[in-house]
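There are 2 protein chains.
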Amino acid sequence: MKVRLRNPDREVEVAGGRRVREVLGELGIDPDTVLVIRDRELVTREERLSDEDEIEIRPVISGGARMRCRRCKAPAVVEVRRHNAAFCRGCFVRHVHEQVKRAIAAYDMFGPEDRVLVAVSGGKDSLALWDVLLGLGYLADGLYLGLGIGGYSERSREVVRAFARDRGATLLEVDLAQEYGFDVPTAGRKGSRSTCAVCGLSKRYVFNRAARDHGYDVIATGHNLDDEAATLLGNTLRWQTEYIARQFPALPAEEGLARKVKPLYRLSELETAAYAFLRGIDYVVEECPLVAGNTQLRYKEAMNRLEAASPGTKSQFFLSYLERGAPLFSAEDTAELHPCERCGQPTTARFCAFCRARAQILGERLGEPRGGDEQGERLGEPRGGDERTSPDRELARSLSEEVLPAEIYGGPAR
Amino acid sequence: MKVRLRNPDREVEVAGGRRVREVLGELGIDPDTVLVIRDRELVTREERLSDEDEIEIRPVISGGARMRCRRCKAPAVVEVRRHNAAFCRGCFVRHVHEQVKRAIAAYDMFGPEDRVLVAVSGGKDSLALWDVLLGLGYLADGLYLGLGIGGYSERSREVVRAFARDRGATLLEVDLAQEYGFDVPTAGRKGSRSTCAVCGLSKRYVFNRAARDHGYDVIATGHNLDDEAATLLGNTLRWQTEYIARQFPALPAEEGLARKVKPLYRLSELETAAYAFLRGIDYVVEECPLVAGNTQLRYKEAMNRLEAASPGTKSQFFLSYLERGAPLFSAEDTAELHPCERCGQPTTARFCAFCRARAQILGERLGEPRGGDEQGERLGEPRGGDERTSPDRELARSLSEEVLPAEIYGGPAR
Numbered sequence: 001m002k003v004r005l006r007n008p009d010r011e012v013e014v015a016g017g018r019r020v021r022e023v024l025g026e027l028g029i030d031p032d033t034v035l036v037i038r039d040r041e042l043v044t045r046e047e048r049l050s051d052e053d054e055i056e057i058r059p060v061i062s063g064g065a066r067m068r069c070r071r072c073k074a075p076a077v078v079e080v081r082r083h084n085a086a087f088c089r090g091c092f093v094r095h096v097h098e099q100v101k102r103a104i105a106a107y108d109m110f111g112p113e114d115r116v117l118v119a120v121s122g123g124k125d126s127l128a129l130w131d132v133l134l135g136l137g138y139l140a141d142g143l144y145l146g147l148g149i150g151g152y153s154e155r156s157r158e159v160v161r162a163f164a165r166d167r168g169a170t171l172l173e174v175d176l177a178q179e180y181g182f183d184v185p186t187a188g189r190k191g192s193r194s195t196c197a198v199c200g201l202s203k204r205y206v207f208n209r210a211a212r213d214h215g216y217d218v219i220a221t222g223h224n225l226d227d228e229a230a231t232l233l234g235n236t237l238r239w240q241t242e243y244i245a246r247q248f249p250a251l252p253a254e255e256g257l258a259r260k261v262k263p264l265y266r267l268s269e270l271e272t273a274a275y276a277f278l279r280g281i282d283y284v285v286e287e288c289p290l291v292a293g294n295t296q297l298r299y300k301e302a303m304n305r306l307e308a309a310s311p312g313t314k315s316q317f318f319l320s321y322l323e324r325g326a327p328l329f330s331a332e333d334t335a336e337l338h339p340c341e342r343c344g345q346p347t348t349a350r351f352c353a354f355c356r357a358r359a360q361i362l363g364e365r366l367g368e369p370r371g372g373d374e375q376g377e378r379l380g381e382p383r384g385g386d387e388r389t390s391p392d393r394e395l396a397r398s399l400s401e402e403v404l405p406a407e408i409y410g411g412p413a414r
Numbered sequence: 001m002k003v004r005l006r007n008p009d010r011e012v013e014v015a016g017g018r019r020v021r022e023v024l025g026e027l028g029i030d031p032d033t034v035l036v037i038r039d040r041e042l043v044t045r046e047e048r049l050s051d052e053d054e055i056e057i058r059p060v061i062s063g064g065a066r067m068r069c070r071r072c073k074a075p076a077v078v079e080v081r082r083h084n085a086a087f088c089r090g091c092f093v094r095h096v097h098e099q100v101k102r103a104i105a106a107y108d109m110f111g112p113e114d115r116v117l118v119a120v121s122g123g124k125d126s127l128a129l130w131d132v133l134l135g136l137g138y139l140a141d142g143l144y145l146g147l148g149i150g151g152y153s154e155r156s157r158e159v160v161r162a163f164a165r166d167r168g169a170t171l172l173e174v175d176l177a178q179e180y181g182f183d184v185p186t187a188g189r190k191g192s193r194s195t196c197a198v199c200g201l202s203k204r205y206v207f208n209r210a211a212r213d214h215g216y217d218v219i220a221t222g223h224n225l226d227d228e229a230a231t232l233l234g235n236t237l238r239w240q241t242e243y244i245a246r247q248f249p250a251l252p253a254e255e256g257l258a259r260k261v262k263p264l265y266r267l268s269e270l271e272t273a274a275y276a277f278l279r280g281i282d283y284v285v286e287e288c289p290l291v292a293g294n295t296q297l298r299y300k301e302a303m304n305r306l307e308a309a310s311p312g313t314k315s316q317f318f319l320s321y322l323e324r325g326a327p328l329f330s331a332e333d334t335a336e337l338h339p340c341e342r343c344g345q346p347t348t349a350r351f352c353a354f355c356r357a358r359a360q361i362l363g364e365r366l367g368e369p370r371g372g373d374e375q376g377e378r379l380g381e382p383r384g385g386d387e388r389t390s391p392d393r394e395l396a397r398s399l400s401e402e403v404l405p406a407e408i409y410g411g412p413a414r
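Taken in sequence, the protein lines are chains X and R.
The end of the first sequence is residue 414 by our numbering, with every number in the run present.
The end of the second sequence is residue 414 by our numbering, with every number in the run present.
Certain hints may be false.
[Stated by the list, open to error] The following label-pair restraints were derived from C-beta to C-beta distances:
id, chain 1, residue 1, chain 2, residue 2, range
1, X, 12, R, 309, 24 to 30 Å
2, X, 330, R, 94, 40 to 46 Å
3, R, 17, X, 155, 50 to 56 Å
[Stated by the list, open to error] With the C-beta cut set under 10 Å, the calculated list includes, among others, these residues of chain X facing chain R:
id, residue
4, 97
5, 101
6, 180
7, 182
8, 238
9, 301
10, 317
11, 319
12, 324
13, 326
14, 338
15, 348
FYI, nobody ran anything at the bench for these hints, they're computed from the structure.
Virtual Cβ for every residue (Gly too), placed ideally from N, Cα, C.
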């Protein structure tokens, strides 16, 4: 029997005549973390496979087996262990829509008249989000940011374009290299920030700018429950109280900063992947080639282990944070925002973190020398005197929705 | 080459002529989690072993190899990765003493005139603590509680008695079955609480009572950094804010409740084990036979994985909680304490949680019917009406220093 595995793509031969769970067991794969596909259909873990079958094992999804849909009692195709529930295709789609509706209502994220800009990377989460919002009748356009990560970025762009074309949806595109003169791999090599840091910084900058320039009311990103739980774990392991305070499903607009929302925060990675598959969304399954060793992945692993031993741990962690933890943390971030002298985007410093990073990457000097500072500013480096802390504070602010800047919009760093 | 492994005790034969780390690698053992002993001496991970060697691999300790003591430059025997340091025997003992002195000073735990009651289980942590306190000249007596867990409890008692005898130290003993009519295994079978819950409850009760009856100023328990980090993780995963608020290295005395302190909170499990070994303390290495599947162990595993990838994660988690997290959580526990009508120990209810659990285990009725309550009280069950929440609230209070009651004093549940 031929088995196609992903990340990296490879094929293995294993003996057939066994159940899906036995094959997964032999391959050392946790059935809760993959989707098993045969002839373009999901197969459940109790399904028997024959030697002639060809299957694809795709992370990350759960196939519920011989179970009945909680709602309509039809055969189930997806199991959601933390709810101790399984759903057929139609009812699962409804379940996802309802979770998103609930999220939007709980934080008054946006209304039917609001123009929503969905940050789409080509991955399962952001495309699922766009699909759900269109399905619910919201005015949702997409924004794709070309990061210049070789074939990976090209494939992502094609997937996003095809998605928009098929649905007659509006897609904005920004290419980092064309607009700003650098791509993410170059930035990682030349700047003082890590690749993931500069990628996250660029995303936040471009999204905010596009939302303002094109008159959108709110930016929606595809962060799911697993992302939020992992980020919260990272922030809590260091008790970074300012970051914890700002890790909220909806951040209000501030002077020059668009409102930001995460309508998928109630859905696990498994659910967004199942949704994307069941809705026939062609998404980029491969991971960003630059992301290896990302600490966020370690936190996800830790949460997944705890979840496996005790289903519901992840959602309890994040949702009980929202309920009981968050009220105790108040954002102490009272710094005034004013326009960056270079680009006009909001910043607490003279130049915004993006302009400083960009100048450093491009080897440019930013701004004129001022006062007694004859060296001018070497941007991207902390400045002396009273302002010593402001670039750091501002970076902290720019990162404050998520400590790990790679994880900004369901993008390549997933 | 003969290798003796512990928990469970077993011997394996492996090929010699290799370094310690290679042997550990073959056995799938993380070198940071074990002590490797040959001829009663620690050997480091770069040491070469011969076919004739007999070694013992004892959890949990780190052997630093070919390293020099940070302080005196003598060959090191213990490595503390999160400090990026290694120590010789003498300097390591000094390091442990200093960490304990620092803990005592930071929370003003007790002074040279105070009578300290050390809760000793026979495990590495509580005996190391007693040894350190005696070494630092404090007035420290021991208290051993016999839990009746078969040979395990018997061996623990012998170890504790031998420790006290060798040092001419004072040991109080309480036997749960003799004093209160039940042992822990019986309690686990007969009561409505889990074995670990009733064990923890009994420990807290007996310690507090002994401290009051014998005029001690403070109870000291052997909780180490790993215990505290794992408990904090469990509390934080559920955002149990009241428990988080009370997870402090020193809890002040209250009406009828003795002051409680944890002088080892700055030292990892690895450090307490190394200390006990290097000081020649004979301690019980085996784990409590009733503890399998304990959730606390899962949290420890999760923390250990994160620590392995990023040394210092554990201590950063707990120490940054103390610094930045704890001030945000204020104990909302304002319930009045008054004496239990049965035993006189403090409680928020009519009878204390221990008396209720005990009555349930022994099949007794506790107290007379009162008011309109013709059924009397079936204790250990929530009562109706206005008082419905008080047993729960009180149990919460009794557990509030640690959610997982098994982990109370460096005892069998470790």
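Status of the hints after comparison with the structure:
Take residue 12(X) and residue 309(R): their Cβ atoms lie about 28 Å apart, and the range 24 to 30 Å holds. Taking the beta carbon of each, residue 330(X) and residue 94(R) are about 43 Å apart, inside 40 to 46 Å as hinted. Checking the proposed 50 to 56 Å range against residue 17(R) and residue 155(X) shows it holds: the Cβ atoms sit about 51 Å from each other. Against a cut-off of 10 Å between C-beta atoms, the interface hint on residue 97(X) is violated, since the closest Cβ of chain R lies about 28 Å away.
With a least beta-carbon distance of about 25 Å to chain R, the hint placing residue 101(X) at the interface is violated under the 10 Å criterion. Evaluation of the residue 180(X) hint against chain R yields a violated restraint, the C-beta minimum of about 33 Å exceeding 10 Å. At about 30 Å, the closest approach between the beta carbon of residue 182(X) and any beta carbon in chain R exceeds 10 Å, and the interface hint on this residue is violated. Look at residue 238(X): its Cβ gets to within about 6 Å of chain R, closer than 10 Å, so that hint holds up.
The criterion of a C-beta within 10 Å of any C-beta in chain R is met by residue 301(X), whose closest approach is roughly 8 Å, and the hint holds. Because the smallest distance between the Cβ of residue 317(X) and any Cβ of chain R comes to about 5 Å, under 10 Å, the interface hint for this residue holds. Annotation: residue 319(X) was flagged as interfacial toward chain R, and the flag holds, the nearest CB pair being 9 Å apart, inside 10 Å. Hint on residue 324(X) holds. Least Cβ distance to chain R is approximately 5 Å, under the 10 Å limit.
Because the smallest distance between the Cβ of residue 326(X) and any Cβ of chain R comes to about 9 Å, under 10 Å, the interface hint for this residue holds. Hint on residue 338(X) is violated. Least Cβ distance to chain R is approximately 29 Å, over the 10 Å limit. With its C-beta approaching chain R no nearer than about 21 Å, residue 348(X) sits outside the 10 Å limit, and its interface hint is violated.
The earlier numbered hints that this structure contradicts are 4, 5, 6, 7, 14, 15.
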